[in-house]
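*Asks:* Sequence:
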Amino acid sequence: MQVNSEQIPTPAHTHADDAPETPRPGGVSAVAHSTAVSENDAAKAAALRRMKSVALALLIGMAVVFTVAFALQKQYPWLEYVRAAAEGGMVGALADWFAVTALFKYPMGLKIPHTAIIPRRKDQIGASLSDFVENNFLSEHVVQDKLASVDIARKAGEWLRSPGGPERVAKEGSAVIRGAFTVLNDDDVQAVIEGMFRKHVLTPPWGPPVGRMAERLFAEGHHHTLVDLLVDRAVDWMATNHDTVNRLVSDRSPLWVPPFLDHMVGDKVHTELSKFVRAVQEDPDHQVRRSIDTYLTELAHDLQHDPAMIARAEGIKAQILGDPEVRELASRTWGTIKNALLTAVDDPGSELSLRFKAAVRDFGTRLVEDTELAGKVNTWIGDAAGYLVNTYRSDIAGVISDTVARWDAEETSHKIELQVGKDLQYIRINGTVVGALAGLAIFTVAHLVFG
1 MQVNSEQIPT PAHTHADDAP ETPRPGGVSA VAHSTAVSEN DAAKAAALRR MKSVALALLI
61 GMAVVFTVAF ALQKQYPWLE YVRAAAEGGM VGALADWFAV TALFKYPMGL KIPHTAIIPR
121 RKDQIGASLS DFVENNFLSE HVVQDKLASV DIARKAGEWL RSPGGPERVA KEGSAVIRGA
181 FTVLNDDDVQ AVIEGMFRKH VLTPPWGPPV GRMAERLFAE GHHHTLVDLL VDRAVDWMAT
241 NHDTVNRLVS DRSPLWVPPF LDHMVGDKVH TELSKFVRAV QEDPDHQVRR SIDTYLTELA
301 HDLQHDPAMI ARAEGIKAQI LGDPEVRELA SRTWGTIKNA LLTAVDDPGS ELSLRFKAAV
361 RDFGTRLVED TELAGKVNTW IGDAAGYLVN TYRSDIAGVI SDTVARWDAE ETSHKIELQV
421 GKDLQYIRIN GTVVGALAGL AIFTVAHLVF G
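Take the sequence shown: its position 387, counting from 1, is numbered 387 in the numbering used here, and each next residue is one higher.
By construction, these hints were calculated from the structure, which means they are not laboratory data. Among the hints, erroneous ones may be present.
[To be verified] Taking lysine-lysine pairs in the DSSO-like style, the calculated list, with each CA pair at most 27 angstroms apart, reads:
#1 317 to 44
#2 146 to 376
#3 357 to 171
#4 199 to 338
#5 422 to 171
#6 275 to 199
#7 317 to 199
#8 111 to 338
#9 376 to 155
#10 155 to 357
#11 317 to 111
#12 376 to 44
Between the sequences and the hints, there should be enough to build the whole structure, so can you do that?
*Replies:* This is how it looks when you write it as structure tokens:
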């Protein structure tokens, strides 16, 4: 049998080996692309060429054996069995070569139906692969079961409490903060802070919320501590300012009153005032205390319901926080936050940085040692992952079909062949061996049956 070298499949050379690449869509140059994938693709292309050479060598070997056995079988009848085996091996090799080649291209350039399957149907293949991934991998139960088996909380806790964990978190956090400050404009941030302050602090009336809070505080008696403090200070002041009281009395008495009389009156006033404040101090139910309670309760009520009092509260708010004050407050707030964070990220030994690392380490320890907390965190992660999968599974899987749709048909075939072509060449090798065994078996059975 004459073997035509033009009809025998030869090892296919990849695009990366035979021809220079042209710039790909999106402005990515061939040099940049080859730099990223050249080593991996070159290794796969070399392995593919080797396997094609092996399969081709087996086919050529079978053809040589067939030729020799066919020529000498009359002289040596046992060579008929060898010829039959070689004939079956060639048939198997050619059939499997056709099947493998038909996946990626037209065999020998002939547009035979149902060949070049991948280039012709890459979009359908991408869509089918996308559906397969979406239905079998992007499932809420699959993702949650996998996350539950991993126990992310404990593993994260082990890493966070390890010697390098907090430092790594702090380092990455510092990079994020520096990047944020590089992007953020101070005026824009101050404008946001000022707008939020106006919306949530200045725009709502102060009277009713302050009144409600005060009413609750007064009803629970929290103001009594402050009243006690003021009364105690009054008692102390009276005990140490006898001369001050005398001087006040003397300054306000007529000029014709004798000085000794001023001292007598001053002593009397001081004594009575001292008795009065001590009585208030010692009696929790003193009339003055009840009067203060009544006044504060009415004030809290008026702040909520009296238009005049509400208007007075608004006037006080306007006096305290006008436009210049609000802008200055926003500027100081942002400046303080920014300076504190920049100082902390630039100095690993700063108090804020050390406290942050300690908090990270403590959180990691709690994740490892606190079973309940670890369970809650794992549940949160599982629920979040389940929500994301249920909500965005189609979008995630759609990346596959969209990416394949953007690929060139020849490029798609080339990519897939690089990934699986080496393994497919084993089909050719196995086909050669199985074909040889089948040919030998068929010839042997036929020879035994029909003589």
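*Asks:* With reference to the structure, classify each hint as holding or not holding.
*Replies:* Each hint, compared with the structure:
1. 317 to 44: violated (74 angstroms)
2. 146 to 376: Holds, at roughly 16 angstroms.
3. 357 to 171: holds (10 angstroms)
4. 199 to 338: holds (23 angstroms)
5. 422 to 171: violated (44 angstroms)
6. 275 to 199: Distance ~51 angstroms between residue 275 and residue 199 Cα, so the pair is violated.
7. 317 to 199: Satisfied, since the Cα-Cα distance of roughly 14 angstroms is no more than 27 angstroms.
8. 111 to 338: Since the Cα atoms of residue 111 and residue 338 sit roughly 68 angstroms apart, the hinted pair is violated (cutoff 27 angstroms).
9. 376 to 155: holds (14 angstroms)
10. 155 to 357: holds (18 angstroms)
11. 317 to 111: violated (85 angstroms)
12. 376 to 44: violated (45 angstroms)
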